[in-house]
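Trainee: Sequence:
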Amino acid sequence: MKTSILIISILLMAGCASNPDYRAANNGSQGYSEQKISDDQYRVEFKSVSNNVADAGDYALLRAAELTQAQGYDWFVVTNKETFVESKSQAPASTISASHSQQYERSCGLLTCETRARPTSNVGVQVSNHDKRKEVHTLIDIKMGKGIKPSDNSYSAQDLIENLSKKAQK
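In our numbering, the protein residues as written are 82 to 251.
Simulated from the structure, these hints should not be mistaken for laboratory data. It should be emphasised that the depicted structure is a prediction, and the values quoted were computed from it without experimental measurement. Backbone N, C-alpha and C fix where the C-beta goes; we use that ideal spot for every residue, glycine too. Hints may contain errors.
Restraint-style ranges between C-beta atoms, simulated for each label pair [to be verified]:
1) 200 / 164: 55 to 63 angstroms
2) 164 / 226: 23 to 31 angstroms
3) 107 / 151: 14 to 22 angstroms
4) 116 / 243: 35 to 43 angstroms
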C-alpha cells in the first residue's frame, strides 16, 4: 500500500515539474505567437503555465531568433519587453473515508461448526497539494537586422537558437 502511494506521488510530482511546451499557440493556448509590425519589426508573445517565469522569456527570445532567421536577418534587438504573471490557485482536493464491516470466520470440528463475527474498520485519507501555478505572458517587440551586430544589446539569432533550442526540447 505504501509503495503504491509513493509511486503515485512521484508520478504526480513529475507531471507538475514538466516544462511548458514550446509550440505555436492555438486559439489562446500555451505557446508562441507573433504579429508583424513592419518588414523588420515583430511582436512575439509566449504564454506558459508554469512555476518558472524565466522560461516564458527564454522561449519568447527563441521564437524571435527563429523568426529573425526565417525572415533572412542575422540579429535582432529587443525594443520593448513586458511580462505579465497571473497566479491561479486551486483548492486542495482532500478526501477522508471510513467504513465498518463484519468479517466472518467459520471453523468446523468433528461434530459442530462455529461461526464468529469480527468487526473491522478501514480508514482512507487522500490529500493533494495546494496547486499554485502561474500563467505567464511574455511580450517582446523586436527589430531585426543583417550583418554585424550593432551593440551588446542585440542578439545573434544563430547563437540564441543553438543555446535555447536544447531547453525547448527537454
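Trainee: Please go over all the hints and tell whether each is borne out by the structure.
Mentor: Hint-by-hint comparison with the structure:
no.	hint	in the structure
1	200 / 164: 55 to 63 angstroms	holds, 60 angstroms
2	164 / 226: 23 to 31 angstroms	holds, 24 angstroms
3	107 / 151: 14 to 22 angstroms	holds, 19 angstroms
4	116 / 243: 35 to 43 angstroms	violated, 26 angstroms
Hint compliance for this structure: hint 4 is the single one not met.
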